[in-house]
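Engineer: Given next are the chains, with one letter for each unit.
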Amino acid sequence: MINSLLWLIPLLPLLGFVINGLGRNTFSKNLIGFIGSGVILASFALSVALFFELGASTQKQFIIDLFDWISVGNLHIPLSFLYDPLSSIMLLIITGVGFLIHIYSVGYMNDDAGFGKFFSYLNLFIFFMLILVLGSNYIVMFIGWEGVGLCSYLLIGFWYTNSNYASAAKKAFVMNRIGDLGFLLGVFLIFITFGSVEFSKVFPLAAGMMPGTATITFITLLLFIGACGKSAQLPLFTWLPDAMAGPTPVSALIHAATMVTAGIYMIARSSILFDLAPTTQDVIAIIGTATALIAAIIALTQTDIKKVLAYSTVSQLGYMFLGLGVGAYTGSFFHVLTHAFFKALLFLGAGSVIHAMHHEQDMRHMGGLRSKLKITFATMMIGTIAIAGLPPFSGFFSKDEILAHAYQHNKVLWAIGLFTAFLTAFYMFRMMYLTFFGKYRGTHHAESHIHESPKTMTFPLIVLAVLAAIGGVINIPHVFGGNEWLAHWLSGAGIAQHELGLDHTTEFALMGVSVLAALGATLYAYTKYVKNAHIPIADESKRSLFAKISYNKFYLDEIYDAIIRKPLDAFSTFFYRIIDKKLIDGLVNGLGFTASEGSKGLRLLQSGNVGFYIFMMVFGVVALLLYTYLSIA
Amino acid sequence: MELLLLIFLPLAGAVITSLLNGGAAKISALGFALLSLCVSIFLLSKFTPNANMQFVVNYPWIQQLGISFHVGIDGISMITVILTNVLIPLIILSTFNREYKNENAFYALILFMQCGLLLVFTALDGFLFYIGWEAALIPIYFICAMWGGKDRIKVNMKFFVYTIAGSLFMLLGIIYLYLQNPAHNFDINAFYSLSLDSDQQGWIFWAFFIAFAIKMPIFPFHTWQPDTYTEAPAPGTMLLSGIMLKMGIYGVIRWLLPVVPQGVQDWAHLAIILSVIGIVYASIIAFTQKDAKRLVAYSSIAHVGLIAAGIFASYNLGNLGQQGMQGVMVQMLSHGINVVGLFFVLDIISSRLKTNKIEELGGLAKVAPHLAITFLIIVLGTVALPGTNGFIGEFLLLFSVYNYNAWLGAIAGFTIIFGAVYMFRMYQKVMLGTTNDLTITFTDIKGTEKIVLYTICVLIVAMGVYPKPILHLSEASVQQLLEQVNQKLTGLN
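In order, the protein sequences belong to chains A and B.
Just so you know, we're using the working numbering here: the first sequence kicks off at 1 and counts up by one.
Just so you know, we're using the working numbering here: the second sequence kicks off at 634 and counts up by one.
No lab work stands behind these hints, which were simulated from the structure alone.
Wrong hints could be hidden among the right ones.
Listed next, the stretches of chain B that the computed footprint assigns to chain A, with coverage defined by at least 3 CB atoms under 8 Å from CB atoms of chain A [as the list claims (entries may be wrong)]:
no., segment
1, 678 to 684
2, 734 to 742
3, 996 to 1004
4, 1043 to 1049
5, 1054 to 1061
6, 1064 to 1071
Which residues of chain A face chain B? A partial, calculated answer using Cβ under 10 Å [stated by the list, open to error]:
no., residue
7, Ala45
8, Ser167
9, Leu189
10, Met210
11, Pro211
12, Phe554
Here are the simulated DSS-like cross-link-like pairs (lysine-lysine), alpha carbons at most 27 Å apart as the crow flies [what the hints assert, rightly or not]:
no., chain 1, residue 1, chain 2, residue 2
13, A, Lys582, B, Lys783
14, A, Lys581, B, Lys791
15, A, Lys581, B, Lys679
Idealized CB from N, CA, C, for every residue including glycine.
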């Protein structure tokens, strides 16, 4: 069944894109919603069926060749898919969470004039994301990689008449492209080194290489640059918070649950290469930790509910990279999975709040919504507990697996990770308290309209809340008597596994510390925002230095503007005005002038009339032809 | 004989069209262009994709001087012939909603130029090649001079003198080769088998290279290009950028590499560096251009720079050079299609709103959703998104430059980032945001405009998803060319 049906999983969303794209102005909203969600549901059903078949099968890797895409000389790039334990889980996340978000969008986008366009874009995104995770080589992966970037561009700029939104879309695309250049150069080097870009050829060859080889270090560093762009790591993360300009379901699906985890997927997929490059791993661990910390600091003072979640996403992605850097590939992937549940949930919950508040996103104007939005509140609370890393919800297990590996690897990284976990719990509960507790602070008019969202929106919240709560069961560590199912499952995909060398006492102690930190943060947030009813100050009031840096995002946008964009624009003007117009063109004109001055003897012919020159040329050709004709005659 | 039909059908069309008036001239021109397209499809169906010259015609023409009417088509020529004959009908169709004075002359010149272009792409005799080279220039000169913008006289003078100067160098080179040839003829195979020492090869290289470098253009021989593209009437710009600049690329491949491989070897490094500088330099200039047409003109310099770099990076690698050279083949087609699409979109805008100034536009997507989609697809092709035609060529070209030198490959790779910057900046400022008093009056594409843009979009996606037939077409010829160059180089050393 895998061999015969796998191709349908990406094809169905593509069909949805085409059908809804063509019928976007003629179909009814119900029909568009039905087609758009239906194709994803069908893909999900297929993904589930194939998942069980893979589980039952002894063969763990299936390669399905579709056709020869680019074939030149010794370079052969087939359009082919790889179905293995790793991609099977990605398919479940993408189509499963994707389906829920499609359902949610039926309610959320109901009043939008671009309803049909929205669903066709969303389907196109799912298609490219599936290509990304199914590609059996780096180039097919790159099709998906850039394709999701395109969809991200289209959906961030969905309300394109707002030029800030359009700029945010462009920024996302360009910053992703910086990473993409790294990715592409890495792939070139892979081909030169291994003579192929197929995973099934590259990894076995790499496995025989010595660790620390310069080539492998270069390859992995270049691939990591690609991951930095797509997965929003330092120094390329600033596009992700701006991407919140897109409709909230987009933030949930693309900018939290799926696309931004593509970098982690790619590195986990290439774990054999990265395991051979300790230098790269150190770089990844440091960048990941720094990103996690900086984004968490920024999130502390944000007042826009979606911005808090955006920085939290950047921070959590940083965690995942920390995990990759210390060799916890399974742990990072585990966190991808649980994060997909709780972050999608939190974004959709925020969307439900925004929907109820008539597009108000500033938490300073919210408050006390607990009683009016019961389902939204309850589900978001579950998501918050999960992300804060409190047991027994899913985030606890995945985060602690990463932190335990970090501890084993380097105590400083662990300490920063732990501190970040403390900050995470604080700003997440701050968000919850400001939104749902205390007194309502918005306008009177808006208050009367506040209502719980329709069922199409609350249903996905409830399902995701269940998953966020229990999602941890798939990889319960041995220390709790679990069997680490996910680790076993992924070992079938050739993902490098590193046993945690800590004794159970240390493991328990580490968990205890992080749970205490999270609880402490929760309590602190409660005291500050509920008991003392503190409300973040208005934009124009004075802030302390620390608050200023945090609130203004470390001035990164301003810095990039000053050191990259402005100089490039200045170069542009300089090249155009001075080098091109004055210097090069001046030389050319000078040459022409000298030539015409120097040929005074031929002045009679040099009439300057180009028409005359051409006449002479045509005359010459005609004369030649006549000459031929006469000589034949 | 089929090949004679292919070359001279447009000439016959030019004569007939020049005798007609107004609308009839339009229809006649389109008819002949479509007929030519049919002939090339017919040739394509009879073409076997091996390395042989096919449909060869070889008549003695001026026997005393050893000049023959010798033409033929191999895979490399086939790509450029298809490019020409697909684009000419699209370009003619793109003028259907416009009014040009003296239509009969206008359309006759386009067909006349087509004949010259086809001659260039099929000629196997040095003299004939030169005739075609100039025959393609004359009509485009008149098109630009008579139907261009207000600065057209000055700008055209420069364009004309610059390119003529280049081609005179080439003529000298051809005559020199002729004199060295013991058989005293202009036959390409005789040129290929000449044994010249490396000094001679160096001189010949520069004589040809300057002509080709001006035509493409390669930095720093490019300063005629932005002005000419901006001032020329839209169909003229499309002819220049879509097809005519490929004469330079084709010239390098057919008349430079195999004739003076040693000369190329000695100077390739400089040529690559100039090309790579051109990529970065022109891209950066494109960032701040205020006129959309000029922006696209500079972007074209960047894209052509990559093609040129790919040629010089891979000519001497034998079989390993295939990626670069095949990349050149695909990218010639892709660039032609995409740049014609871009210039047509800008023509649609300026014909309705009388401006191509980026700052005066904005919000067009709201009033013209069909234009927004097609324009976006063309932009995506231009920035080489995987799944579009631009990616296939750019990927292969960048890979070949990277193979030549990793650092140069990385610098050339900046086109991926910079291309996105200037293209999306232009798209945003023109299409997105809110409408203003001017752009609110804009009407969406219709009729022939839709046909042209939809055709271009279909080609962009089809070539990107399934490039195999195109790669297959030129594969054998490219392989043979590379082997030929390699043999000559190893024979020399």
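Engineer: Give a verdict on every hint.
Structural biologist: Evaluated hints:
Counting residues of the segment 678 to 684 of chain B whose C-beta lies closer than 8 Å to any C-beta of chain A gives 0; at least three are required, and the coverage claim is violated. Coverage of the segment 734 to 742 of chain B by chain A is violated [criterion: at least 3 residues with CB-CB distance below 8 Å; count 0]. Requiring three or more residues with a Cβ within less than 8 Å of a Cβ of chain A, the coverage given for the segment 996 to 1004 of chain B holds, as 3 such residues are present. Here the segment 1043 to 1049 of chain B counts 4 residues with a CB under 8 Å from a CB of chain A, which clears the bar of 3, and the coverage holds.
Judged by the Cβ-Cβ criterion of 8 Å, the segment 1054 to 1061 of chain B is covered by chain A as claimed, because 4 of its residues qualify and three suffice. Closer than 8 Å: that is the beta-carbon criterion, and the segment 1064 to 1071 of chain B has 4 residues meeting it against chain A, so the requirement of 3 holds. Given hint, A/Ala45 at the interface with chain B, is violated; its Cβ is 27 Å from that chain's nearest Cβ, farther than 10 Å. Restraint check, A/Ser167 versus chain B: the minimum CB separation of about 7 Å is within 10 Å; hint holds.
The beta carbon of A/Leu189 comes within 8 Å of a beta carbon in chain B, closer than 10 Å, and the hint placing it at the interface holds. Interface hint status for A/Met210: violated, as the beta-carbon distance to the closest one in chain B is roughly 21 Å, over 10 Å. Here the hint on A/Pro211 is broken, as its CB sits about 22 Å from the closest CB of chain B, past 10 Å. Taking 10 Å as the C-beta contact cut-off toward chain B, the hint placing A/Phe554 at the interface is violated, the least distance being around 23 Å.
Using a Cα cut-off of 27 Å, the hinted pair A/Lys582 and B/Lys783 holds, with the two alpha carbons roughly 22 Å apart. For the hint pairing A/Lys581 with B/Lys791, the CA-to-CA distance comes to about 14 Å; that is within 27 Å, so the pair holds. Of the pairs offered as hints, the one joining A/Lys581 and B/Lys679 is violated, with about 49 Å between alpha carbons and a cut-off of 27 Å exceeded.
The structure fails to meet hints 1, 2, 7, 10, 11, 12 and 15 from the earlier list, while all remaining hints are met.
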